[in-house]
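Student: Here is what each chain is made of, one letter per residue.
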Amino acid sequence: MSIIKITDLSMKYDSNFVLNSINLDVKEGEIIGYIGPNGAGKSTTVKIMLGLVTGYTGKVEIFGENIALGNVGYKKRIGYVPEAAEIYDNLTAREYLSFIGGLYGLSDNDVDVKAKELMKLFDIYDFYDQRINTYSKGMRQKVVIISSLLHNPDLLFLDEPLSGLDANTVMVIKELLSLFSQKGKTIFYSSHIMEVVEKISNRIILINKGQIVADGSFENLKDQVHGSTLEQIFNELTGFNQHEDIAKNILAVIEG
Amino acid sequence: MKDFLTLKILDRFQFIFKKLKVDYPTLRKILQIKFIMDSRRVPVSVGRTKKQADKDFFHISLLIYAFMGFFTMVPLAIVLNNKMALMTFIFGLIMFLLLMTVIADFSSVLLDVRDKSIILTKPVNPKVLTVAKFIHVFRYLFLVTISLVGPVMVTLLIKYTYLEGTLYALLFVLLFIFEVVLLNLFIIVFTTLLYLFILRFFSGEKLKDIINYIQIFMTLVISIGYQIIGRAFEITEIFDIEFTSKWYHYLLMPFWFGGPFELFFEANYDISIIIYTILIIIIPITAFIIYTKSLGTFENSLLKLNQGDKQKPYKEKRKFITNIINKTPEERNFYRFSYQMLKSERDFKLRVYPSLGLSMVFPFLFMFQSGFDLTKLADSKQYLNLYFCAFMMPMVTYMLRYSKNYKAAWVFYSTPISDFSVFKKAALKAFLMRLLVPIYLVESVIFTCIFGIRIIPDLVAIFFTILIFTIICYRVFGNFIPFSQPVENANKGQTVVFFIITAILGLMVGIHYAVTLFPILIYPYNFILLIITILAWKKGLNGKVNINGHHRYN
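Those protein sequences? They're chains A and B, same order as listed.
Per the working numbering, the first sequence starts with residue 1, numbered consecutively.
Per the working numbering, the second sequence starts with residue 1, numbered consecutively.
Because the hints were derived from the structure by calculation, they are not lab data.
Glycine residues also receive a C-beta, built at the ideal position from the N, C-alpha and C atoms.
Errors might be hidden in some of the hints.
Just the calculated beta-carbon pair ranges, DEER-fashion [said to hold, decoys possible]: (1) A:N202 - B:I290: 24 to 34 Å; (2) A:S107 - B:L193: 37 to 47 Å; (3) B:H59 - A:K76: 31 to 41 Å; (4) B:I439 - A:S107: 36 to 46 Å; (5) A:I254 - B:T292: 51 to 61 Å; (6) B:L193 - A:D129: 32 to 42 Å.
Looking at chain B on its own, in the form it has when it is part of the complex (with noise of 0.2 Å):
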């Protein structure tokens, strides 16, 4: 089995765990099947659309991490030079940066509730766990956070050699590893009383969901990160401003991290730097004191990680929609199905809803690109970014077919269904009604605001466009029962295909752009596409379906 340098380095240090009473080979056994286990988790950094091959997704996603690290930390760190500032954004991102990563990744690790039944009923003590448990966090905190802060730590070192020396320069840098330590355990608690409190009034189900929807935010932040790193420069320019002390900023923890390096290397000695720093010291210290005596409780709250919640049942209001926008009982029960599934399935949320944000973000993003001159921009044609809403369609339309799932799809087999065509239909009705018309009529609104009522009729056909496109992205990818195939399979060598479809968007805006030359040709525009639209939803589903790889006919 592969060996760790992480245990070949405890194994130096044997003789502690021997003091400690601590069941040394057992410890290591426990440790090298938990990085075994880490090395094949796929990080929500490193994404889950790379193929299950025999990598180590751990040490991938530790290079993404120091490349996070290098363009939102380094800049700043050459551009600041009001210490106060500077440790103060710094430890701010390092704080950020952590906490996600470690919610997002580490959850799973930390809220492992096999351990208990697996491990403990072998001749195991729990102290050994216990320890277990510490040093793989403590491992995969130590990594993550080298990997973070090494850039920023390298370029603050010679940022200060050049300026003020050697010596000098060893002392900050040794201060400001001082400081992550204590940001690291800070984050170890603050994480586990996070989950402690959280799992103390809600289900575990519900926990899991905040859990989603923080690797949602994180894989969101991560793509708008790539999408303004250019600008990180200008932005850090702007805060390169004289520190006044507020009283609020004694509530912001990245404040505290600043007092330390004003008290010590600019000899600042107002009340406010003092209070920081004795807070920064005081408060990770305390939290960690608490958080060793509350161990227990933790292990024993997570026995309500698999207690579920009552849902609530499918509103009235929605019946009403419901029935109105499917025609068969049939199509009406595929509807709601549907809209459940996506309204459950933490995979499909994981992959889809980042993308959603970003066609959230798109159509404003290059809106104001040009400017912010609103008088100008209202008599533009700038409003043909709001196609960038449909940007997310192929990543959604593809990922319907897929659910965690998959093998549940038996019963669309087993049951007397005629035409899977009403099943496809009704599933992309439920994704349309459940995200895109809501995220598409706030944008709409928001741009009539922008643009006056004159680009109606072009909302109007944006809306169809987005309808036709819809089928075609579906039928691009083959023609699949929805929620019936497995996640792992998602993303093979579907690039091209992606690229493809984007570029049939663009041939679609680019007609509509032709037809905003005469603004009279939006109307018979219109009507063309209303056909095109009925016609694609009626036909354009049918033929051949697949079923676990067998083709069927309907």
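In isolation and in its complexed conformation, chain A is listed as follows (with noise of 0.2 Å):
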């Protein structure tokens, strides 16, 4: 069963078009590594999913079901970690993760239980009880990354969500992509870091200026374009060559 399906999906800001004609088709358990340059319509697919950007062409069908009919049940299933999240902390954890577990329907004493123990499993139990802001940045990830989990989604979102997080940590999340891949999830997973997209997805969709210009697994990128790693398809398809240029200049000035 197709857990995303996106049919041609258009969207425009003033008269740019900042996705063009996407479709797309997910299955239960893929791992998708989405990526694309700065600005090139990534995160306005994801906020089209899960309902916060409307005005698009096309149709978006989640879990089967037809997003635009405004039933927003499907965001049940779903789990979101969205770049440099914004959260409300003047808030303490507990108090935050209780209200979004609230949010998706889950009971306090259910939240609770299992918010102090994934507190305690990311190591930042000791913080439950103090206001966000005073934490790290790296302890203010794992609060959005246990908020985004509580209510056990089939189908997460994940952009940049292992920024501020140390290399242990890093590790711990990797493996735990894994896991929930076996268990069936759905993972969306938006970066920059090609090393980390490279080895923890088993479908890459690379999008630049608004178009789908590669989906398919890393080993079959390979072959389609020369590049040994992902960085260099990444480049290579994106059209970007100058590098050596750019950074002999910057040298250049530098040096004045």
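Both chains are sitting in their own frames, so use the hints and assemble them into the complex.
Tutor: Rendered as structure tokens:
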């Protein structure tokens, strides 16, 4: 069954196409690495799927349901970690997590039990009753991640989820993602760190100027485009090959 | 988690939400979290000086509003008998105070852009959020309004029971309440449309600046208000005149509120009174209908909040002054940086500008306390009131070390700065040039007009004294690097220190007064002050500095 099915999705701001005829079919248990240069339309796609952005043309179906019909129930099965996530940081983690859990329809008690356990596992339990605005960047990110998992979602949208996390936590998250995949959960992973995307994804979608320019496993892409790393493939497909020149020019400017 | 009375009341009316197909449990959760956050926000009226303990700041601010309402409106209600005049004044005041509080304290709530990304990504119907937002705004306004108008309402009830009987008084207060509700509707609509308007033509940064200035203005009004409360009774008596309608009254909303009272309780069927009555009912309701239709537009415009706009580069003219008053390139650099920081830090402005405003008003306020006789004044020593300009120095110099971006101060110890006293000096100069010198110049000119050119040597002496006082203030509060401390730490148990510094200023004023007894002494006095000023600025800022708890010598 398709978890996500996008047909001919286009989106215009003013008269520029941000998304231009996107077609996508995502199956259960896939880990999609969703990559592209800044401003390519990555976060717009995700925001459309979450119902945050309207005014698009085309059809977006999630769990087989057309989201344009205005039924928000499908979000019960989605977990979302936005980039540089906004958070009500004058609340404590306890208050914030119980609130978010509540929005997903979980009871206070269930949330509390889960949140406590997760805070312990992420090693920030001591801060459970402190206001989030006193947290470090990594601790904050952990709270954002916990808040996206409380309701055991079947589909995860993760946008730079590892930012601010230390190497050990990063390993935990990577391991967790592969466990999720085995359990049939679907992950939509956006990042600019190609090494990570290359390792964790079993399918990579590259979007450039509002269009999908590559779609397939890393091995597939390697065969289609000459390049041994995802980084090289990325540069190749987005038509970027001036990095050496630009670096040389930067050096020249610095040296005066 | 804390439960709120409002929520318990709403629980009883769940069926209404069920009828409206609004998911009540979710609505309740959103409201609960919003109320908790309200109680943690420190309102402008409370002042940002209190330590962030687990106090309920919202309730404290309600008490303050009750006081404000009591002192501003109760005297009016007792003294004034003409109903049109009375109600016009009272509603003018309510309107002003409500608008100020809503803009100063509630803007952050109205303009919260996080709601969309945090709540609407969850299985929550957008309708629930809209309803939650409305109830949230309504509760806030309701509580603030009750606190503000409660005292005057009771006063009116007692007054008219005594004068006209119970039924009359009850009907009177009923009409009063009805109009207050209309006013509330109007205020919600007005502020929202105002923001919409500003956002349409300006950037979000501009809106934040405008709100910042309104907050500053409100703090100033509150602090000046306390100074003149005692005179409220005298002032009100002046206005107890027969009311005659002028054409421009139709443009002023408070007059509309007076209309129905005149119509129903004085049986005054003058055409102007009838027009006021019609206006007061039609305008708020029409506005509210427009508002409900434009809510969606509002949410979308909010996205603009995070948009910045291009700032003007440092002006040429300013570069010239910078080069004159700063010797080394290093100092010029710090000066420019401090100047730009002072210009853009909203927290700094919010704390400092009100005392700045006071220091502009005080010299005149105290001068005219003894009467308005200019010729008598011209020969007096009242020009020493100009020292009140220096009143803001402790506050400002104290605030210089704080910044919202205090963490960015790491650049000061990662860069090869050899001498932090240069930085401190430059920051103080930037403050003087940006804020003190303009105010002092304007006041000096006005004072010279009043007292004649004979006071010019004294003006010079006052200026030198302020320069010396600046250094004293900066040192007394500890030798910190500018912009390096978190704002939340400001004003912890510094009251005694403020008192001592003010006493030092008093001493300096005393010496100047003694000098004026022998007019010729002012010239050597100025010379001595000049020497001290140079020494103070050369040596006074050296020594140990404190960087995030680490001491460093320079």
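Student: Each of the hints needs a verdict: does it hold here or not?
Tutor: Here's how the hints hold up against the structure:
no., hint, in the structure
1, A:N202 - B:I290: 24 to 34 Å, "violated (53 Å)"
2, A:S107 - B:L193: 37 to 47 Å, "holds (41 Å)"
3, B:H59 - A:K76: 31 to 41 Å, "holds (36 Å)"
4, B:I439 - A:S107: 36 to 46 Å, "violated (60 Å)"
5, A:I254 - B:T292: 51 to 61 Å, "holds (58 Å)"
6, B:L193 - A:D129: 32 to 42 Å, "holds (41 Å)"
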